[in-house]
Amino acid sequence: MAVLEYWSFVMSPYSAKSRLTPPRSGARLATHVYDQLKLQLLDGVYAPGEKLVVDSLRNDFNVSKQPVMDALRNLAADGLVEIIPQVGCAVRSYPRSEIEDFYLFVASAEEIITQFAAVRRTPELLRELRISATRMSQLPAESAPGELAAKYRQANREFHGIIHQMANSEIVTGLSRRVWDLTDFFVHALGAANAFEDSFEERHHDHEEILIALEEGDAEKAGKIAREHILHTGRLILESS
5 MAVLEYWSFV
15 MSPYSAKSRL
25 TPPRSGARLA
35 THVYDQLKLQ
45 LLDGVYAPGE
55 KLVVDSLRND
65 FNVSKQPVMD
75 ALRNLAADGL
85 VEIIPQVGCA
95 VRSYPRSEIE
105 DFYLFVASAE
115 EIITQFAAVR
125 RTPELLRELR
135 ISATRMSQLP
145 AESAPGELAA
155 KYRQANREFH
165 GIIHQMANSE
175 IVTGLSRRVW
185 DLTDFFVHAL
195 GAANAFEDSF
205 EERHHDHEEI
215 LIALEEGDAE
225 KAGKIAREHI
235 LHTGRLILES
245 S
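To get this note's numbering, take the position in the sequence shown, counting from 1, and add 4.
No lab work stands behind these hints, which were simulated from the structure alone.
Hints should not be assumed to be uniformly reliable.
[Unchecked claim] Here are the simulated DMTMM-like cross-link-like pairs (lysine to aspartate or glutamate), alpha carbons at most 20 Å apart as the crow flies:
no.	residue 1	residue 2
1	Lys155	Glu219
2	Lys155	Asp185
3	Lys228	Glu213
4	Lys225	Glu206
5	Lys225	Asp210
6	Lys42	Asp59
7	Lys69	Asp59
8	Lys225	Glu243
9	Lys42	Glu86
10	Lys228	Asp210
11	Lys225	Glu212
12	Lys155	Asp74
13	Lys228	Glu206
14	Lys155	Glu104
15	Lys228	Asp39
16	Lys55	Asp74
17	Lys228	Asp202
18	Lys69	Asp47
19	Lys155	Asp39
20	Lys155	Glu205
21	Lys155	Glu212
22	Lys69	Glu104
23	Lys55	Asp39
24	Lys228	Asp47
25	Lys69	Asp39
26	Lys42	Asp185
27	Lys55	Glu86
Required output: the full structure, derived from the provided sequences and hints.
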């Protein structure tokens, strides 16, 4: 499977039907609930601090209690929900200071990853990245009102995912998944989706500049642009909260 096709598959939203219909294999029920509930959290279906009631989730996903409990424990490990003993489970809330720290960390990490990518780039991955950037540029024209933020999230994950593959570091790619889940969570949980729609052109310009620097093999420039791009993301989110 081509890299672009892989990331399109991994990052694409499930259909409404698949969100409600569990797999037939009992062993996969917890994974199914985890995947679908995580997508809902990343899409902002639940607000920070909102309670997640196990019995309601059981009915939503047509499963028993255990798969829901297992899924919630995994989501708690991801930092998306919080399980409070003897109280229940709620969508995780973060103080402003922690979000600021988070984006400083992510900016530094993405700077290094993008520098790796500039050194280890391949013609195939550069082509895939160019295709991804081109597809992203067409989103405003293809999106109905209110759809751009969700489509941008998917396309943005695809674009940066290709850069991570270009960095050719399995451990870095694995660690980055949780980081990007939290980034998407903050965008919607803190009401920043509209801000991202309004700043689409600026953010797409950043992607183009990163791509050009990668094509030129300029690790320092590519890393610097990536760092500023992520810091800007953090500012947008905090200003919207």
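Which numbered hints turn out to be false for this structure?
1, 8, 12, 14, 15, 17, 18, 22, 24
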